[in-house]
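Number of protein chains: 2
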Amino acid sequence: MIKDLIIKNRGYRQFYEDYPISQNTLRELVELARFSASTANLQPLKYILSCEPEKNERIFPHTHWAGYIKNWVGPRKGEKPSAYIIILEDMEIRDSFGCDHGIVAQSILLGATEKGLGGCMIGSINQEVLRKALRIPDRYKILLTLALGKPREKVVIETMGKDGDIKYWRDEDDVHHVPKRPLDEIILEV
Amino acid sequence: MIKDLIIKNRGYRQFYEDYPISQNTLRELVELARFSASTANLQPLKYILSCEPEKNERIFPHTHWAGYIKNWVGPRKGEKPSAYIIILEDMEIRDSFGCDHGIVAQSILLGATEKGLGGCMIGSINQEVLRKALRIPDRYKILLTLALGKPREKVVIETMGKDGDIKYWRDEDDVHHVPKRPLDEIILEV
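Those sequence lines, one after another, are chains A and B. Under this note's numbering, think of the first position of the first sequence as 1, with each following residue one higher. Under this note's numbering, think of the first position of the second sequence as 1, with each following residue one higher.
Extracted from the complex, chain A is given alone in its bound form:
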């Protein structure tokens, strides 16, 4: 059931760093993106794959993690992602940004979840520094970085409380709680 997969596909931020993800697995995930919808079928998105520790280390320092969790700046050594897919827009194909990157990011992460992996969509990226670190030509705009790995944390969805606070939080057992707005609040009666 797609519902089970969507629920299982949470934002994971701690991984078994030693768990290898192959280049072939990343290519299979990009294939899912390739089969996904694109505005006017232009398909302006390109993908940089990384699954080697050395290349991963060039990406990791330029990603920002879980802004709401105080005193936690991101996964520690041993808990870092073992792969990345960086989503770029090829400005020679289109220079305005729709929501294609959201569509493909969801396809990729659902595919990763099915494979027993998990990940996190990271939009908070130090653009120009990452561009330099990977020597990404100017024609590509960096839209989103997907961090991937074998999750080593528990993430649970709960319904947002009456206080309206949507900040995710971690309990004393390191379980990550994600408050979601109730269904009736997000359906608009007109």
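No lab work stands behind these hints, which were simulated from the structure alone.
The list makes no distinction among identical chains, and a pair is therefore deemed to hold if it is satisfied within one copy or across any two copies.
Think about it this way: if two alpha-carbon atoms lie no more than 25 Å apart in a straight line, the pair counts; the simulated SDA-like pairs of lysine to any residue are:
#1 Lys8 x Phe35
#2 Lys77 x Ser124
#3 Lys180 x Phe35
#4 Lys55 x Asn24
#5 Lys55 x Leu183
#6 Lys180 x Glu28
#7 Lys150 x Thr39
#8 Lys154 x Lys180
#9 Lys3 x Glu31
#10 Lys3 x Pro20
#11 Lys180 x Gln23
#12 Lys162 x Arg139
#13 Lys167 x Leu42
#14 Lys150 x Ala66
#15 Lys8 x Met160
#16 Lys154 x Ile2
#17 Lys154 x Thr25
#18 Lys8 x Glu28
#19 Lys167 x Phe35
#20 Lys3 x Gly116
#21 Lys180 x Ile166
#22 Lys55 x Pro137
#23 Lys77 x Ala40
#24 Lys3 x Glu114
#25 Lys115 x Phe35
#26 Lys8 x Asn24
#27 Lys70 x Asp165
#28 Lys141 x Leu130
#29 Lys77 x Trp169
On the provided structure of chain A, position chain B as indicated by the hints.
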């Protein structure tokens, strides 16, 4: 397999208009959106549901269809969508647009595909006229309209030819062909 579902989930534009889609089905699809990722977990998206012929008729005239197909302005009577989910951004929660609407649109359409339905993400919308037709308050920005129904057309993916033409096209048997860029073209070696 998620791959099968993603491949089956094509942009459909002709439907069995008499095939009913219930309010409850639409709510189940929005539930999939609710469980999907949201930037900083803000969840600014709201949803308008429509599955009654009268309400559908207020939406349909303000959607634009399949720009590449000449001499075809959209589905005819009897082929129109039997439901819509309109995705809005609640500007009181966030007034900048990330890719949340792409993420949830993919979740919703994969859910619809699993239910034997299909649909189309329509970004080309006559915003202000649709706003008036449905009396949508100004605080909501219309991001995307998902047209839904029981597909009555065949849509096939093929690999883009060497001419680089990505325009979808219809053959004499009314089969809709969608050229996708080859995998090796969309993976960027850096």
